[in-house]
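Asks: Residues per chain are reported as follows:
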Amino acid sequence: MIEVEEVTFKYEGSGINALRDVSLELERGKIYGIVGPNGSGKSTLLRLLNGLIPHFYRGEMKGRVLVDGVDTREASVAQLSKKVGLVFQNPEHMFFSETVYEEVSFGPKSIGMDPEEIRESVKWALEEVGLWELRERSPWSLSGGEMKRLSIACVLSMKPEFLAVDEPTIGQDSLSKESLLEIFKRMKGEGKGVVIVTHDLEWLDDLGPDLVFVLRYGVVIGGGDPRKIFSDIRNLATNGLIPPYRYIVDSLLEVG
Amino acid sequence: MLDPMGMVEIFRTQVGETSYSKLNPLTKLILFASFIALPLISASLLMQIFSLMAQTPLIILSRSERRVKRSLKASLLFIVVLVVLNYLTTHSLEFSLAMVLRLVSMIIASAIFMTGTSPAEIGDLLTKLKVPLQITFSFVIALRFIPVLADDVVMIITSQVSRGYELERGSFLEKVRRLIPILIPMIIIAIRRGHQLAEALETKAFGATEKRSNYVVYDYGRGDWILLVYAIIVITVGLMVGTLTPQFQLLPFQY
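Those protein sequences? They're chains A and B, same order as listed.
By the working numbering, the letter at position 28 of the first sequence is numbered 28, and the numbering carries on one by one without gaps.
By the working numbering, the letter at position 219 of the second sequence is numbered 219, and the numbering carries on one by one without gaps.
Honestly, the hints are just simulated from the structure, not real lab data.
A portion of the hints provided could be inaccurate.
[Claimed, not checked] 27 Å max Cα-Cα, derived DSS-like pairs, lysine-lysine: (1) A:Lys10 to B:Lys128; (2) A:Lys109 to B:Lys175; (3) A:Lys177 to A:Lys159; (4) B:Lys73 to A:Lys82; (5) B:Lys175 to A:Lys62; (6) A:Lys62 to B:Lys73; (7) A:Lys10 to B:Lys73.
Everything numeric in this text was worked out from a predicted model, so none of it was measured.
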């Protein structure tokens, strides 16, 4: 379980808090959606989960984050990466290997897995995202959607218990979005906790999250059942979010 | 102690509304050149102390105290290496100290200039000084892309660290070798950005005419004249300090 306890964080050199008194509990086997307008602190929240904050990003942090009872300040990002896998918005930032296979094996090698275990987990991760056939290709030769799935495989291969994904649908076509839905649903089925940061609510609705949190100015202004959150059209719209289509239709029918 | 991101910060232009940023770019360039030249007039400790002190008004005017502090903190490793190497070769602590202050003085001059001058201003200035457009533009683009690439490097490092990669492990050589997963994506991203920029410039008709027009007019205000006089005074005093007879110099040294 990941427990975020009253966390306030301010980046070095910034005059405002990126997060203010944020408290959340995230469990395995569930999908969580974190939504909010640009600059609301969504990505900052993800960086807290795997210890990039406070280990890498400088700033003032109050409160604490516990991953399976371990304070993220007490463990290194490398140690936490076995528990929480963070998938970044831009996959290109991580690629440097000659082949897809090599790229996916980088994480398991870094955390010191056995060679046999590495082979097994790389194959599993590539099959999960449907890229096993492309394992000999260069990561740079892949399409945008394939790169995104490769970045997920790179993290999955380390067998984390939680998957934290930053804006997975940006720049993705509908086919790619569809395959991402399947991957995350399967991860949930395998007992992993999936935390998705997005402002694509239509896609998030299709994913069927168990809980959705709304962030604004670094504060969690709402959280709970996705149906309740998505049907509050006025609140979503004032926060710069477009509600899922079916909820807009329902609302119009009610008015009618 | 080694803070590569802090070192990148030295070159990150960031213009706020300060008395310094409102100056004519030519004044800023003259001030920058003066304070780079000043510590080079003489190697005496007195000269270095003078060049540091003389920059204080500019630090206040440009409100760059934080930037100066960060730049100096980032250069700490080089400062220490410089002191040690100088001491080992000259056996003179005074000389080593003077050389460090010379470096510090130049870092401060760069930090002030970069805090208060936008790449566009530097470009306009170079164009007015008849520097060929290709060179001016390349220089401006390089400056403008430093923060972009710096942000890319941060994202690359965080991506690799999140994959369990530890940069700070092993001997010095091992640490250098461990930079490969950072450098390769950085180079590829930089090349791609360069390519995209070239395409964007083509679509915006860059180089279509020999003579580009310019709509920005830089005035010469009272502040500019005051600071130009200040630069002349500082350089004059610096030349006088530099030509003092050895017995008047503070802690003179022998080559």
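Asks: Hint by hint, which ones does this structure get wrong, listed from lowest number up?
Replies: Those not satisfied are hints 1, 4 and 5.
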